[in-house]
Amino acid sequence: MHDAKPRAIIMRTKLFVPGSRPELFEKALQSGADAISIDLEDAVTDDCKD
1108 MHDAKPRAII MRTKLFVPGS RPELFEKALQ SGADAISIDL EDAVTDDCKD
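Going by this note's numbering, the first residue of the sequence shown is number 1108, and it counts up by one from there.
Just to be clear, a hint being listed does not mean it is correct.
[To be verified] Computed list of lysine-lysine pairs in DSS-like fashion (alpha-carbon distance at most 30 Å, straight line):
{"id": "1", "residue 1": "LYS1112", "residue 2": "LYS1134"}
{"id": "2", "residue 1": "LYS1134", "residue 2": "LYS1121"}
{"id": "3", "residue 1": "LYS1156", "residue 2": "LYS1121"}
[Claimed, not checked] Simulated restraints, written as ranges between beta carbons of each label pair:
{"id": "4", "residue 1": "ALA1115", "residue 2": "ASP1149", "range": "14 to 20 Å"}
{"id": "5", "residue 1": "PRO1113", "residue 2": "LEU1136", "range": "24 to 30 Å"}
{"id": "6", "residue 1": "ILE1116", "residue 2": "ASP1154", "range": "20 to 26 Å"}
{"id": "7", "residue 1": "THR1152", "residue 2": "ALA1111", "range": "26 to 32 Å"}
{"id": "8", "residue 1": "PRO1113", "residue 2": "ASP1154", "range": "43 to 49 Å"}
{"id": "9", "residue 1": "ASP1153", "residue 2": "PRO1129", "range": "17 to 23 Å"}
{"id": "10", "residue 1": "ASP1110", "residue 2": "THR1152", "range": "49 to 55 Å"}
{"id": "11", "residue 1": "ASP1110", "residue 2": "PHE1132", "range": "27 to 33 Å"}
{"id": "12", "residue 1": "ALA1115", "residue 2": "ILE1143", "range": "38 to 44 Å"}
To be clear, the hints were calculated from the coordinates, so they are not data collected in a lab.
Don't be surprised by glycine CBs; every beta carbon is placed ideally from N, CA and C.
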């Protein structure tokens, strides 16, 4: 019996979307990027942070 080794997942594209722009979330999901990060810190302007 062979021990199954976990396979590495190669991510070629990672899309960063500013958390202050929710209108871009759906577009990001449709982009085909391997990973999406919603930036909740640096991309949000100070006047929009609680």
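Evaluation of the provided hints:
With a C-alpha separation of about 35 Å, the suggested pairing of LYS1112 with LYS1134 is violated against the 30 Å cut-off. With a C-alpha separation of about 14 Å, the suggested pair LYS1134 and LYS1121 falls inside the 30 Å cut-off, and the hint holds. For the proposed pair LYS1156 and LYS1121, the alpha carbon gap of about 24 Å is at most 30 Å, so the pair holds. Between ALA1115 and ASP1149 the Cβ separation comes to about 29 Å, which falls outside the hinted range of 14 to 20 Å.
For PRO1113 paired with LEU1136, a C-beta distance near 26 Å keeps the hint of 24 to 30 Å intact. Between ILE1116 and ASP1154 the Cβ separation comes to about 38 Å, which falls outside the hinted range of 20 to 26 Å. The hint said 26 to 32 Å for the Cβ distance between THR1152 and ALA1111, and at roughly 47 Å that hint is violated. A C-beta distance of roughly 44 Å is found between PRO1113 and ASP1154, which places it inside the suggested range of 43 to 49 Å.
Take ASP1153 and PRO1129: their Cβ atoms lie about 18 Å apart, and the range 17 to 23 Å holds. Between ASP1110 and THR1152 the beta carbons are some 51 Å apart, a value that agrees with the proposed interval 49 to 55 Å. Range check, ASP1110 to PHE1132: about 40 Å between beta-carbon atoms, so the 27 to 33 Å window is missed. Against the hinted window of 38 to 44 Å, the Cβ-Cβ separation of ALA1115 and ILE1143 comes to about 20 Å, which falls outside the hint.
Hint compliance for this structure: hints 1, 4, 6, 7, 11, 12 are not met, and every other hint is.
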